[in-house]
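Each chain is listed here by its residues.
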Amino acid sequence: MANHRTPTYQGTSLTARALGLVACHRCHLLCRQTAGPADCPRCGALLHSRKPNSIARTWAFVLAATVFYIPANVLPVTITTSLGMVQSDTIMSGVIYFIHSGSWPIALVIFVASIFVPILKLLILSFLLISVQRRWQWRPVDRTRLYRLTEAIGRWSMLDVFVVTILVALVHLGALASIKAGPGAVFFAAVVVVTMLAAEAFDPRLIWDGMEIPNDRED
Amino acid sequence: MTVHPIACHDCDLVHHLAEIPLGGSARCVRCGAPLYRPKRDSINRTLALTLTGTILFLVANLNPFLGFRIGAQLRETILATGIYQLYQQGMTIIATLVLFTVVIVPAIHLLSLLYILVPLQMNQVPPHLTRVFRVYQFLKPWGMMEIFMLGILVSVVKLGKMATIIPGLALFAFMALIFVLAAMAATLDEHLIWQTIEHQPTRAHR
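If you're matching them up, the sequences are chains W and R in order.
Going letter by letter, the first sequence gives residues 1 to 219 in the numbering used here.
Going letter by letter, the second sequence gives residues 1001 to 1206 in the numbering used here.
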């Protein structure tokens, strides 16, 4: 089973770790692996072959984000007061408002950034974590791509937090019209930050470690 | 520059990179992650863009970015007012987050690059180069100006039915700034900076 992993590359002994080397995660300098903890001689960052406790830390962030995701979507993100009428909006009711008012491109942007992307990120990270823990041999190149995707798209979920900020700043005309930020906004911001931390905590090299001979467990 | 070893940061495979021609780029043979792309005239260009960015940043933060008119009432907002409103409503966490991602991080990016590139341009190595550049790299994913810009567009559509929206000077500066910041990050050859540190005689690090 060792020889039909990937068509373009054979052999697994050429990773930095197999060669007794550590790549600095900041400046990418290849250093010799030492017994104890060591600093990179070039940039001074602490050297480690793999991100420490990557799986446990990523799971912790993923679970925390999943918990925050519920109040983020149920509680109102904005509370609008207009001529004595008070209206609370969740993220989804904001999307529906845009669909009804005819600006469906904006509805789509908010839906993708605020609802779809966080869910997608949590699903992909959970899938990657399980695949690494179970040492699945399935498509390592595509799994690495999925990881790079989650890393790249996560920040765009901040969109709704910024929209709330701008609305609150602009619509502040006393009894005539004013918009306040609701409690959902705080949870939503937490979801975005925590999923970004989750993506940062995951080490894609674990995907490739799982492809190697099953008896060398991680450090 | 001769052949030098580099490990893929996504899958840990070691490569021996030969000199790559300008405009070319190296990718990992196993997982396809980008390994290295040499940049033409990196320090010069990045410095020019950083200076442009600094000016635009000041314009964007000191001028009103949107005006909002209902009837006879006109409200103009600079970025700081919005953050302050949130803070006053008790939304301290969100106010801090917005301040951090839209003002502080981009400001640190610009200042740290100025600090690094101005001396390098004059063939000098600034003190604490390592530390400053590490801060720059660490904060990279947390600068979110381009997302804020999209947020402005969404808000304008949302409020357009309610009132008249008047784009301010800062809005145009913001728009230009996101392109300048993207170009700045793209022209910076991070590998070159680390090599400068390596060849530095008096390692003023840590």
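Treat the hints with caution; some may be incorrect.
[Said to hold, decoys possible] Calculated cross-link-like contacts (lysine to aspartate or glutamate; reagent style EDC-like; alpha-carbon spacing at most 16 angstroms):
1) R:1140 with W:39
2) R:1140 with W:200
3) R:1039 with R:1019
[Unchecked claim] Beta-carbon label-pair distances, calculated as ranges:
4) W:35 with R:1021: 39 to 49 angstroms
5) W:20 with R:1019: 19 to 29 angstroms
6) W:200 with R:1092: 17 to 27 angstroms
Don't read these hints as lab results, they were simulated from the structure.
For each residue, glycine too, the CB sits at the ideal point set by N, CA and C.
For this session: Would you list, in rising numerical order, the hints stated earlier that this structure does not obey?
Result: 1
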